[in-house]
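All chains, please: the whole structure from these sequences, using the hints.
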Amino acid sequence: MRRLVQRVRRLPVSLLLGGLLTALVVGAALLSLVWTPFPAEQVRVVARLRPPGPVHWLGTDHFGRDVLSMILVGARNSLAVGAAAVALGALLGVPLGLAASAWGRWGDEAVARLGDLLFAFPAVLTAILLTAALGAGAVNVVLALGLFNAAVFARVARGAALAVWRRDFVRAALALGRGPLSVTLVHVLPNIAGVVIVQGTVLFAVAVLNEAALSYLGLGIQPPSPSWGKMLGDAQTFLFTAPLQAIFPGAAIAVTVLGLNLLGDGLRDALDPRHRSAGLL
Amino acid sequence: MLAFLVRRLLTLALTAWLATLVVFAVLEAIPGDPALVMLGTSAQPEAVAALRAQMGLDRPWPVRYAGWVGGMLHGDFGTSLTYARPVAGLVADRLAITLPLAGLALVLSAGIAIPLGLFAAGRQGRAGDWAVMAFGQMGIAVPGFWFAILLILLFSVRLGWFSAGGFPGWEAGAGPALKALLLPAVALALPEAAILARITRTAALDTLREEYVRTAVAKGLPRRAVLRRHVLPNALIPVATILGLQFSFLVAGAVVVENVFTLPGLGRLLYQAIGQHDLIVVQSVVVLLAVTVVAVNALVDIVCAAIDPRPRVTA
Amino acid sequence: MPNRQRRTALAITMGAVLGLAGALAAGPVLAQTAPRTDLVVGMRLEPPHLDPTAGAAAAIDEVTYANLYEPLTRIDAEGKVVPGLAEKWEVSADGLTYTFHLRKGAKFHDGTDADSADVKFSLDRARGADSVNAQKGYFAAIAGVEAPDARTVVVTLSRPDGLFLFHMASGDAAIVAPESAGANKQTPVGTGPFKFERWVAGDRVVLVRNPDYDGPKPALERVTFRFISDPAAQVAALKAGDIDSFPQFDTYEALPQFRDDGAFTVMVGTTEGETILGTNNARKPFDDVRVRRAMAHAIDRKTLIDGVLFGNGAAIGSHFPPHRAGYVDLTGLYPYDPDKAKALLAEAGLANGFETTLRLPPPIYARRSGELIAAMLAEVGIRVTVEPMEWAPWLEKVFKGKDYDLTLIAHTEPLDIDIYGRPDYYFNYRSERFNAVGAELDRTQDNAKRNALYGEQQRILAEDAVNGFLFMLPSATVQKSAVQGMWVNRPIQANDVTGVRWK
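Residue numbers (our numbering), protein chains in the order written: chain A, 1 to 281; chain B, 1 to 315; chain C, 1 to 503.
Honestly, the hints are just simulated from the structure, not real lab data.
Some hints could be false.
[Said to hold, decoys possible] Incomplete in silico selection of chain A near chain C, CB under 7 Å:
#1 P224
#2 Q236
#3 F240
Model, not experiment: these values are computed from the prediction.
The beta-carbon is built from N, C-alpha and C at its ideal position, and this holds for glycine as well.
Okay, here's the thing in structure tokens:
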């Protein structure tokens with residue numbers, strides 16, 4: 001027991017804090033599956049724009065929906081879109097990066113140029129264009145953000161994999177006549193997993209931010225399903241009448257992103273002690 | 001070095017060309033007819049057809065693509081379908097807002113971040129360092145558009161010091177114009193400042209570990225003087241590089257922030273043009289942005305290669 | 001989390017911001033004594049260009065109509081046809097020949113005379129083969145235009161058209177000059193009492209009084225149309241005094257606070273915008289009238305008007321505005337009754353409801369109504385997927401392609417019940433009965449009989465529950481109390497400021 005406490009205390013602060021905040025958000029999302037104070041989509045126009053109070057803890061929006069319930073369900077939607085965008089990015093990007101590192105010059109060059117091309121467009125811009133082409137909605141946001149993530153994953157996986165290929169045990173495996181596919185799976189992939197996970201956490205945070213921005217512009221998650229970005233977009237028209245409505249969803253986004261970023265930083269510190277610096281970096 | 005330069009420029013051209021293809025293909029896929037948008041719901045089909053012909057939209061896509069790219073090579077970006085004005089002039093008008101906005105944001109973020117970063121490095125591991133790092137984390141986590149809304153809430157709704165959006169135009173004088181740009185610039189600067197503060201701090205810490213700096217400290221030079229004379233100039237190199245790279249973030253941020261503040265800048269033009277299906281404007285602006293981003297990246301690469309004697313791997 | 005340090009850091013940043021802000025915030029305050037002769041009008045959308053003969057955007061007319069351009073006839077604040085560039089006109093007994101007499105001394109802003117040749121040019125241009133007029137149909141009945149002398153124009157029609165003078169009063173029929181028509185999009189030249197001064201892209205258009213105008217001179221010397229699309233910014237600009245009058249103000253939730261403020265006047269008038277839940281009558285299950293009636297029973301119009309318009313707006317039961325002669329109140333035909341709706345659905349074999357998609361165009365009334373209606377339909381088992389769209393894809397897919405289940409839109413053209421008789425319209429509605437009444441309307445000149453026929457058409461549409469008939473879009477104006485003469489109602493989309501003055 002004491003050893004456990006000691007081990008926990010030796011973990012980076014950012015990991016603990018990030019884990020805590022992320023757990024809070026995930027908890028809220030899970031809670032919303034079984035309980036919300038009110039049905040999140042229940043409209044009651046007579047009870048609209050109520051300030052926070054004993055019945056509606058965070059007040060109601062312009063249709064009389066309970067803001068706390070919407071924020072809880074919004075956590076679920078936000079995390080789902082973020083997780084799907086990261087998963088899609090990893091599933092496309094990591095194999096691509098690995099292949100590039102294994103194929104040598106031409107594969108490498110092709111992946112690098114593809115990355116250049118994708119990075120030439122700011123992510124939000126890509127997402128706006130793609131949602132314009134495909135139509136607004138959660139699935140298309142996942143596609144757009146996933147594509148961007150794939151490029152980042154490919155780049156990161158390739159860089160990390162190249163370093164692994166140069167290491168002795170991989171050369172030994174190759175000298176023993178193992179094929180590149182088996183070496184990739186047995187030696188390279190496990191060795192880059194840490195880097196990929198750290199990157200995934202950071203991209204998760206970016207995806208949550210970008211989903212919020214797109215939903216704010218009306219291109220993301222669609223009503224009646226609540227989304228933090230759309231709640232902010234709605235709240236902006238009521239800044240004069242119900243200013244508090246513009247506070248809560250934004251705070252929810254900030255807490256989620258902060259938690260994921262800290263978690264990512266902490267994981268990096270924990271996995272690679274050389275990087276370790278002031279607790280919060 | 002020359003081979004590297006040629007290679008980098010070739011890839012720059014290749015990326016730019018691929019970008020035109022991608023943008024054109026995506027826009028072809030977006031449903032919508034600009035002529036129909038102009039003429040609305042009671043338009044007769046033959047009037048819509050006439051307008052399509054007038055706009056040159058009745059030609060097959062390879063012809064339109066070739067015409068567009070060919071025109072751009074000669075500096076002709078085409079004519080906006082909705083505004084009936086040359087895109088170059090339209091973009092120039094909007095850049096007169098977006099560039100000062102981005103510039104102001106850059107100055108603000110550097111002005112906040114570099115002192116904060118140095119300050120934090122100077123007291124590594126202590127309370128001040130923690131405060132700056134906390135600011136860094138918060139700045140990255142807070143969505144730019146929410147921060148923008150909060151600024152409006154405080155300074156426009158509560159205090160009434162600023163208007164909640166809009167732009168009076170430069171001929172209203174530099175004062176009112178800059179005043180209209182200030183809140184958006186602050187909103188745009190926050191995440192950049194957060195990133196920059198972290199980078200400045202890291203760079204400064206690296207420099208502090210260098211022999212000559214340690215020597216200076218050992219010789220008893222005051223901490224302030226060490227930071228100013230030795231650390232700052234050296235830490236500025238990576239900071240300047242990042243500042244250049246942040247162009248792309250500023251552009252992306254401007255699309256959203258200009259929408260929050262209804263500033264008639266390039267980002268808002270682009271967003272509206274997508275809605276109005278003004279293909280010519282969207283194509284040209286997106287490619288212009290993409291090429292600028294790629295060019296800035298290439299420039300940074302080349303400069304790095306020139307400074308750094310080690311062979312440089314692409315990416 | 002080291003809270004204190006973080007707060008310190010935040011305080012430093014905010015302090016810097018506040019300092020800068022304070023330095024820039026101090027601006028001069030002008031004292032007003034004599035009545036002002038300038039007006040700043042707020043508008044939600046910026047016009048794409050300023051040529052009303054080549055575009056449907058309402059914002060074009062909202063800047064230029066009656067102020068900058070004049071058609072032959074004009075619509076006044078009450079919706080009546082009054083003289084425009086033509087000071088009087090005669091109609092032949094068979095209704096086929098219209099003789100217009102132009103105002104003597106009418107000139108374009110570039111100094112050239114506005115004569116019959118210009119009128120002939122404008123009308124021929126609007127109906128020609130390569131016309132890009134958004135309302136080309138208005139000119140379809142014209143068989144020929146002649147200019148016997150400089151002040152007289154004779155228009156012959158191929159068939160009687162009861163709405164011809166009404167249509168000739170629209171911005172789409174503005175009289176332009178052959179020399180300047182091509183450049184009107186950027187530098188408009190008309191015959192109106194105001195002329196174009198400049199356009200600050202993205203922000204405003206400025207018109208100034210035309211000193212050479214031959215008619216009564218307006219009280220205002222300068223009119224600025226400022227474009228502010230964001231609701232919070234609109235409210236802020238009004239409160240800050242940057243805007244003198246904001247017609248078509250659709251931030252309804254802010255109206256009470258302006259009503260309570262003595263410095264402002266709030267007027268709520270009517271528009272011609274029937275807002276409907278557009279329904280694809282050719283698609284299953286909407287081809288079954290019981291399903292359409294079920295939806296009518298499932299929609300609570302009162303909640304909708306409260307929720308979307310904050311109570312400002314009249315419910316409708318068919319496609320006709322209550323303020324027009326010939327209106328029949330059919331709002332009681334399908335009272336809000338979810339149980340009845342469920343029963344009707346069960347009768348149609350859809351006891352478990354069904355899935356459908358609601359495609360919404362960009363305006364905020366559409367987005368908000370759509371969200372509420374989706375919730376209302378869910379109560380009776382109709383599971384709605386909301387799909388917001390920009391105008392371009394909406395027009396292409398829904399309006400032109402008829403590829404939709406449900407949509408939501410206000411039809412703002414005046415007297416447009418005839419769209420239900422168009423064979424290829426996006427409702428996919430066909431009714432021999434409705435068309436028969438329509439044919440009789442075309443033959444009928446007597447107003448009382450016409451109104452009775454309009455009533456019959458309204459009843460047919462309501463019985464068939466063609467679309468969900470929701471409400472009339474209101475026209476709210478918020479302005480400084482000293483502003484007089486702005487229109488209360490919007491019989492057409494325009495901001496006619498020729499009669500506006502300061503108290």
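A quick look at each hint next to the structure:
no.: 1; hint: P224; result: 6 Å, holds
no.: 2; hint: Q236; result: 6 Å, holds
no.: 3; hint: F240; result: 5 Å, holds
Of the numbered hints listed earlier, not one is contradicted by the structure.
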